[in-house]
Amino acid sequence: MYPSDIARIVSPRTIADALQELDPVEDAVFLAGGMSLMQAVKSRLIKPDIVVNLNEIEELAGIRSEESGLFIGACTRYVDVAQLVSTTISLAALSDAAKCVGDRQVRNRGTLGGSLCWNYHSACCPCASLVLDAQLTLSSLSESGQRVDRNVAISEFLTGVLETARRPEELLTSIFFPRPAHRSGSAYKKWGLQTDALPVVGVAAAVTLDARGAVISARLAMTGLMNGTQRYPEAEAALVGSRDAGESVAAIDLLKERALVHSDGSASAEYRKHLIGRLARQVIDHAFARATEQD
Amino acid sequence: METSVSITVNGKRHERRIPARMLLVDFLRDELRLTGTHVGCTYEAVCGACTVQLDGRAVKSCMLLAAQVGGHEVRTIEGLEEGGGTLHPLQVSFNKHHALQCGYCTPGILMNIEEFLQVSPNPTETEIRRALVGNICRCTGYSHIIEAVQDAARKLSSSRDQTGSGA
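So the sequence lines, in the order shown, correspond to chains A and B.
First residue of the first sequence: 1, per this note's numbering; consecutive thereafter.
First residue of the second sequence: 1, per this note's numbering; consecutive thereafter.
Hints are computed from structural coordinates only; laboratory data are not their basis.
Mixed in with the good hints, there may be bad ones.
[Stated by the list, open to error] Per label pair, the in silico range of CB-to-CB distance:
hint: 1; chain 1: B; residue 1: T8; chain 2: A; residue 2: D244; range: 55 to 63 Å
hint: 2; chain 1: B; residue 1: E125; chain 2: A; residue 2: R8; range: 16 to 24 Å
hint: 3; chain 1: B; residue 1: E125; chain 2: A; residue 2: E143; range: 31 to 39 Å
hint: 4; chain 1: A; residue 1: D244; chain 2: B; residue 2: H72; range: 29 to 37 Å
hint: 5; chain 1: A; residue 1: A214; chain 2: B; residue 2: R160; range: 24 to 32 Å
hint: 6; chain 1: A; residue 1: S65; chain 2: B; residue 2: P121; range: 24 to 32 Å
hint: 7; chain 1: B; residue 1: R160; chain 2: A; residue 2: Q83; range: 52 to 60 Å
hint: 8; chain 1: B; residue 1: H72; chain 2: A; residue 2: R179; range: 28 to 36 Å
hint: 9; chain 1: B; residue 1: T42; chain 2: A; residue 2: R243; range: 47 to 55 Å
hint: 10; chain 1: A; residue 1: T195; chain 2: B; residue 2: T42; range: 16 to 24 Å
hint: 11; chain 1: B; residue 1: S4; chain 2: A; residue 2: A269; range: 52 to 60 Å
hint: 12; chain 1: A; residue 1: V240; chain 2: B; residue 2: E125; range: 22 to 30 Å
Where is the CB? At the ideal position from N, CA and C, for every residue including glycine.
Put together the whole structure using the sequences plus the hints.
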């Protein structure tokens, strides 16, 4: 575990400067928290010539709360996401996820944007973000050197395991979480081999209830399986109309049926299915409870 | 390729020319000879023995390039004591409660927990154990470490109350 030779490290102070650094150069990587990237660099999965260090760009970190929702800078650390989002109950899945990544040293340094751009098959924040309909802002430079922003829905951003819709010349600058409708709740929970370890399975749920307490809108996502972080639309449809978590059995069964489970050293396929059943029940319960908490 | 860095460690600034790929833990140990920060796992970032504080936050120094921390404050175990050779209350508690044997994991745990106690001054046992997820100890079985942290937390809490600091 040791990096290969790095030609240059640059530490731009603004987004515009960062985009300039990337513009002419092929073999450059963006370094945010580095909790995933540095592992790849140390194991030589990646051998960058140029490292563009994003940690000096003040405008890339921070959370702004508007009536429409929360704008989270891509370089905001997990620990700050967890703390600042925890007051917005309807977006609790995100703080659930940010609170349990890795260990506290990782949470002090790793970033939300890094997690989304890395899109590891087993990752908490992409899963939570998926059920919260996050919108990502990707910035690049036009031919004339002007900054251009492109908005992408998270469901379109996460294209495959370790793959995203981010183009090589683009920098993820901000993630927007729309404020859910009244009577909305969400939750995320995972199971791994140790406390806070990588999810063998992680499940996120978000529900919006009508005045009678029945689900009018549902999002269900899972992470940790071989096909990475995904939503499960059939299970979501089955949850609509449920008046409490007890009526979620059909949705949970669909999750188990559609899950691409496999057996390996961490768990058998059967145990993965069992975990899905338990975790899904817990997060759906929790999402319901949080949705009605606001009454 | 080499790069020039200017890095502040324990309040002292160091200017060096180093390979761009040099990890912070190696900079501290090999360049500055601050060997209190340890490498316990071949840089896989699983053991936590390399934990230092960067701008007051506990991080694993094997996950950072030294060239990233120019203009920031690094604090290592050598910078934990209160000055004039007076040990930090955590260090005193660790000694009193036999919370170290070989001592290899200890600097990383101290630098992590010192920050943890600032964020959570009255932690439960479960919270302390959770805070230690990123630090492996092979000798002690953790129980004395927990006792030492609880002891230090009480001491720090009460001295904070006595000096009237905090809201």
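Going through the earlier hints one by one, which of them does the structure break, listed in rising order?
2, 3, 4, 5, 7, 12
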